[in-house]
Amino acid sequence: MSLWQFFAQNRAEVWQLTLEHLWMVGISMAIAVAIGVPVGVWLTRRQVMEKPVLGVANVIQTIPSLALFGFLLPAPWIGARAERIAVLALVLYALLPVIRNTYVGIMGVDRAVVEAGRGMGMTGRQLLFQVELPLALSVIIAGVRVATVISVGLATIAAAIGAGGLGEFIFRGLAMVNNVVILAGAVPAALLALLADFGLGLLEKRLRPA
Amino acid sequence: MRPASHFMPADAHPDVAVEFRDVSYRLDHGGTLLHGLNLAVRRGELLVLLGRSGSGKTTTLKLVNRLLDPSSGQVLVEGRASTQWDPIQLRRHIGYAIQDVGLFPHFNVERNIGLVPSLEGWPQQRIQERVRELLQLVGLEPQIAHRRPRELSGGQRQRVGVARALAADPPILLMDEPFGALDALTRAELQREFLNLQQRLRKTTVFVTHDLREALLLGSRVALLESGRLLATYTPEEFLHAKEPLAAAYVAAFLADSKTQGGA
Numbered sequence: 031m032s033l034w035q036f037f038a039q040n041r042a043e044v045w046q047l048t049l050e051h052l053w054m055v056g057i058s059m060a061i062a063v064a065i066g067v068p069v070g071v072w073l074t075r076r077q078v079m080e081k082p083v084l085g086v087a088n089v090i091q092t093i094p095s096l097a098l099f100g101f102l103l104p105a106p107w108i109g110a111r112a113e114r115i116a117v118l119a120l121v122l123y124a125l126l127p128v129i130r131n132t133y134v135g136i137m138g139v140d141r142a143v144v145e146a147g148r149g150m151g152m153t154g155r156q157l158l159f160q161v162e163l164p165l166a167l168s169v170i171i172a173g174v175r176v177a178t179v180i181s182v183g184l185a186t187i188a189a190a191i192g193a194g195g196l197g198e199f200i201f202r203g204l205a206m207v208n209n210v211v212i213l214a215g216a217v218p219a220a221l222l223a224l225l226a227d228f229g230l231g232l233l234e235k236r237l238r239p240a
Numbered sequence: 116m117r118p119a120s121h122f123m124p125a126d127a128h129p130d131v132a133v134e135f136r137d138v139s140y141r142l143d144h145g146g147t148l149l150h151g152l153n154l155a156v157r158r159g160e161l162l163v164l165l166g167r168s169g170s171g172k173t174t175t176l177k178l179v180n181r182l183l184d185p186s187s188g189q190v191l192v193e194g195r196a197s198t199q200w201d202p203i204q205l206r207r208h209i210g211y212a213i214q215d216v217g218l219f220p221h222f223n224v225e226r227n228i229g230l231v232p233s234l235e236g237w238p239q240q241r242i243q244e245r246v247r248e249l250l251q252l253v254g255l256e257p258q259i260a261h262r263r264p265r266e267l268s269g270g271q272r273q274r275v276g277v278a279r280a281l282a283a284d285p286p287i288l289l290m291d292e293p294f295g296a297l298d299a300l301t302r303a304e305l306q307r308e309f310l311n312l313q314q315r316l317r318k319t320t321v322f323v324t325h326d327l328r329e330a331l332l333l334g335s336r337v338a339l340l341e342s343g344r345l346l347a348t349y350t351p352e353e354f355l356h357a358k359e360p361l362a363a364a365y366v367a368a369f370l371a372d373s374k375t376q377g378g379a
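If you read the sequences in order, they're chains X and Z. Counted the way this note's numbering counts, the first sequence spans residues 31 to 240. Counted the way this note's numbering counts, the second sequence spans residues 116 to 379.
Certain hints may be false.
[Stated by the list, open to error] The calculated SDA-like cross-link candidates involving lysine to any residue, where the alpha carbons are at most 25 Å apart (straight line), are:
hint : chain 1 : residue 1 : chain 2 : residue 2
1    : Z       : Lys-358   : Z       : Leu-331
2    : X       : Lys-235   : X       : Gly-56
3    : X       : Lys-235   : Z       : Lys-358
4    : X       : Lys-81    : X       : Pro-68
5    : X       : Lys-235   : Z       : Ala-347
6    : X       : Lys-235   : Z       : Gly-254
7    : X       : Lys-235   : Z       : Arg-262
8    : X       : Lys-235   : Z       : Pro-220
9    : X       : Lys-81    : X       : Val-71
10   : Z       : Lys-358   : Z       : Ser-342
11   : X       : Lys-81    : X       : Gln-91
12   : Z       : Lys-374   : Z       : Ala-296
13   : X       : Lys-235   : X       : Gly-138
14   : X       : Lys-235   : Z       : Leu-331
15   : X       : Lys-81    : Z       : Leu-142
16   : X       : Lys-235   : X       : Leu-221
17   : X       : Lys-81    : Z       : Pro-238
18   : X       : Lys-235   : Z       : Glu-266
19   : X       : Lys-235   : Z       : Arg-265
20   : X       : Lys-235   : Z       : Arg-344
21   : X       : Lys-235   : X       : Ala-220
22   : Z       : Lys-374   : Z       : Pro-360
23   : X       : Lys-235   : Z       : Asn-223
[As the list claims (entries may be wrong)] Derived CB-CB ranges, DEER-like:
hint : chain 1 : residue 1 : chain 2 : residue 2 : range
24   : X       : Leu-96    : Z       : Ser-186   : 54 to 62 Å
25   : X       : Gln-91    : Z       : Pro-238   : 46 to 54 Å
26   : X       : Leu-232   : Z       : Asp-298   : 34 to 42 Å
27   : X       : Gly-85    : Z       : Ala-368   : 29 to 37 Å
28   : X       : Ile-65    : Z       : Gly-295   : 39 to 47 Å
29   : X       : Leu-232   : Z       : Gly-159   : 36 to 44 Å
30   : X       : Leu-232   : Z       : Leu-252   : 56 to 64 Å
31   : Z       : Ser-186   : X       : Arg-76    : 56 to 64 Å
32   : Z       : Pro-360   : X       : Lys-81    : 43 to 51 Å
[As the list claims (entries may be wrong)] Selected chain Z positions facing chain X (Cβ under 10 Å, derived; list incomplete):
hint : residue
33   : Lys-177
34   : His-208
35   : Ala-212
36   : Val-216
37   : Glu-235
38   : Pro-238
39   : Val-366
40   : Ala-367
Source of the hints: derived by calculation from the structure; they are not laboratory data. Quick reminder that beta carbons are idealized off the backbone N, C-alpha and C, glycines included.
Produce the complete structure using the sequences and hints provided.
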């Protein structure tokens, strides 16, 4: 049976798992941005915290994903549903690129521009929202882009703990020693990653200041 | 010792817009950038701070709009200690132009110039009128209002920087080598225009430069700084005949420079 035949015969399930996959990645990226951007901004104001915070985020990244899913199983509330564990793990992995790029992006804003803004009497909030964040936005999006591509790949492993997504096909195919079934999960996952990379890349380019 | 009054000191002179009283500025980890500065800037004058890099010129400037606060002593702005001003109010009351201009690259010229008015909540209509007026004042075409800073030449950008500093009609201007990064011709042009502008507007201005020619051209007085100390204050006329060794050295270098340029 070819891959096309498999897709044709299992259209509903392919669609279902793709949606699950997207949902997992989407929710976790939203949470990672909601946490990571404020933390990155905070680091620019408390620069002594930069090394410890980025260090912790870095260490999290080094934990093998399968192990991280396992570690989170006994966690209260989170551990009760496989999808919650998957989302939390994806958030943890996504934090480093989001925090780091927010920090680097804001620190990279031309000092003369920030100085002029302060000298003209902008409040810290005005400076952040009207100057620093808009000028750092393309760098922040670049971080979100990296995090998203990583998440799309990592989310396939979430199937190992029963969280669903395109990894279902991959693990099923592995168990059945059937390459077509593995590819039925791997190819759409790869396409999603490429699509996210391309789309966010466009956005990043559009938002890049002169 | 003077009392650290929180209100307008009884001895504050009404003709003085900015006054430094025994002002020192030290860094947190040692190092003193400014030693016991005493200096008064009169209303309507253009006082030049002249000195090499590291002499404390920029530090002095930033103490006026509270980008820095003195470690000891007082900076009186309009008779009130700078630390008694709300920094945001104080800065909106003082025009600020710097060498790197610091135009916002994501704002067009109009939004750049209209920044302080818009922060102050002026109606849109009034901001637009003011921007048009200012563009004319600094010799720029009104069409430029919708361009981004990257589409301007260095000279145009600097003019926009000056217009932006003047936007809310502040009584005091701080200028930190605003023409320093320009080519010689454009610089001379902007200096002349700025002189005209200053003679019309009579803003109290503190102007930082390391260029004696600029100092003598623009300044009503020149304060000479070295290693964080004020050596002396001169009128341009006095400066040329000053006995002070550094002043004399400046003049000598200036004359030698003019000679080579004249011979070229």
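Taking the hints in turn, this is what the structure says about them:
For the hint pairing Lys-358/Z with Leu-331/Z, the CA-to-CA distance comes to about 17 Å; that is within 25 Å, so the pair holds. A C-alpha spacing of about 21 Å is found between Lys-235/X and Gly-56/X, which places the hinted pair at or below 25 Å, so the restraint holds. Between Lys-235/X and Lys-358/Z the CA atoms are separated by roughly 60 Å; this puts the pair beyond 25 Å, and the hint is violated. A distance of roughly 16 Å separates the Cα atoms of Lys-81/X and Pro-68/X; the hinted pair therefore holds under the 25 Å criterion.
Of the pairs offered as hints, the one joining Lys-235/X and Ala-347/Z is violated, with about 53 Å between alpha carbons and a cut-off of 25 Å exceeded. Taking the CA atoms of Lys-235/X and Gly-254/Z, the gap is near 35 Å; set against the 25 Å cutoff, the hint is violated. For the hint linking Lys-235/X to Arg-262/Z, the alpha-carbon distance of about 20 Å falls within 25 Å, and the restraint holds. With a C-alpha separation of about 16 Å, the suggested pairing of Lys-235/X with Pro-220/Z holds against the 25 Å cut-off.
In summary, the hint linking Lys-81/X to Val-71/X is supported, as the alpha carbons are separated by about 14 Å, within the 25 Å threshold. About 19 Å separates the Cα atoms of Lys-358/Z and Ser-342/Z, which keeps this hinted pair within 25 Å; it holds. About 15 Å separates the Cα atoms of Lys-81/X and Gln-91/X, which keeps this hinted pair within 25 Å; it holds. Only pairs whose Cα atoms come within 25 Å are accepted, and Lys-374/Z paired with Ala-296/Z is accepted, the gap being roughly 23 Å.
At roughly 17 Å between alpha-carbon atoms, Lys-235/X and Gly-138/X fall within 25 Å of each other, so this suggested pair holds. With a C-alpha separation of about 48 Å, the suggested pair Lys-235/X and Leu-331/Z falls outside the 25 Å cut-off, and the hint is violated. Under the criterion of a C-alpha separation no larger than 25 Å, the hint pairing Lys-81/X with Leu-142/Z is consistent with the structure, at around 24 Å. Between the alpha carbons of Lys-235/X and Leu-221/X the distance comes to roughly 21 Å, so the proposed pair stays at or under 25 Å and holds.
Between Lys-81/X and Pro-238/Z the alpha-carbon distance is near 45 Å, which puts this suggested pair outside the 25 Å criterion. Proposed proximity of Lys-235/X and Glu-266/Z is supported: the alpha carbons are some 19 Å apart, at most 25 Å. In summary, the hint linking Lys-235/X to Arg-265/Z is supported, as the alpha carbons are separated by about 17 Å, within the 25 Å threshold. Straight-line distance between C-alpha atoms of Lys-235/X and Arg-344/Z comes to about 49 Å, which puts the hinted pair past the 25 Å bound.
For the suggested pair Lys-235/X and Ala-220/X, the alpha carbons sit about 22 Å apart, so the restraint of at most 25 Å is met. Between Lys-374/Z and Pro-360/Z the alpha-carbon distance is near 21 Å, which keeps this suggested pair within the 25 Å criterion. Restraint check: the Cα-Cα separation between Lys-235/X and Asn-223/Z comes to about 19 Å, which is no more than 25 Å; the hinted pair holds. Roughly 57 Å separates the CB atoms of Leu-96/X and Ser-186/Z, a value that falls within the hinted 54 to 62 Å.
The given range of 46 to 54 Å is respected by Gln-91/X and Pro-238/Z, whose C-beta atoms sit roughly 51 Å from each other. The supplied range of 34 to 42 Å is met by Leu-232/X and Asp-298/Z, whose beta-carbon atoms lie about 39 Å from each other. Distance hint check for Gly-85/X and Ala-368/Z: the Cβ-Cβ separation is about 52 Å, which falls outside the suggested range of 29 to 37 Å. For Ile-65/X and Gly-295/Z, the hinted distance range of 39 to 47 Å is satisfied, since their beta carbons lie about 43 Å from each other.
The hinted window of 36 to 44 Å between Leu-232/X and Gly-159/Z is violated, with their beta carbons roughly 54 Å apart. Distance hint check for Leu-232/X and Leu-252/Z: the Cβ-Cβ separation is about 42 Å, which falls outside the suggested range of 56 to 64 Å. In this structure the supplied range 56 to 64 Å is violated for Ser-186/Z paired with Arg-76/X, their Cβ-Cβ distance being about 23 Å. A beta carbon spacing of about 48 Å between Pro-360/Z and Lys-81/X agrees with the range 43 to 51 Å that was offered as a hint.
Because the beta carbon of Lys-177/Z sits about 8 Å from the nearest beta carbon in chain X, less than 10 Å, this interface hint is met. Residue-level restraint check for His-208/Z holds (minimum Cβ-Cβ distance to chain X is 8 Å; threshold 10 Å). Residue-level restraint check for Ala-212/Z holds (minimum Cβ-Cβ distance to chain X is 8 Å; threshold 10 Å). Hint status for Val-216/Z relative to chain X: holds, with the closest Cβ pair at about 7 Å, below 10 Å.
Taken as an interface hint, Glu-235/Z checks out: its beta carbon lies about 9 Å from the nearest beta carbon of chain X, inside 10 Å. Interface hint status for Pro-238/Z: violated, as the beta-carbon distance to the closest one in chain X is roughly 19 Å, over 10 Å. Hint status for Val-366/Z: violated, given a least beta-carbon distance of 32 Å to chain X, over 10 Å. For Ala-367/Z, the shortest C-beta to C-beta distance to chain X is roughly 33 Å, which exceeds 10 Å, and the interface hint is violated.
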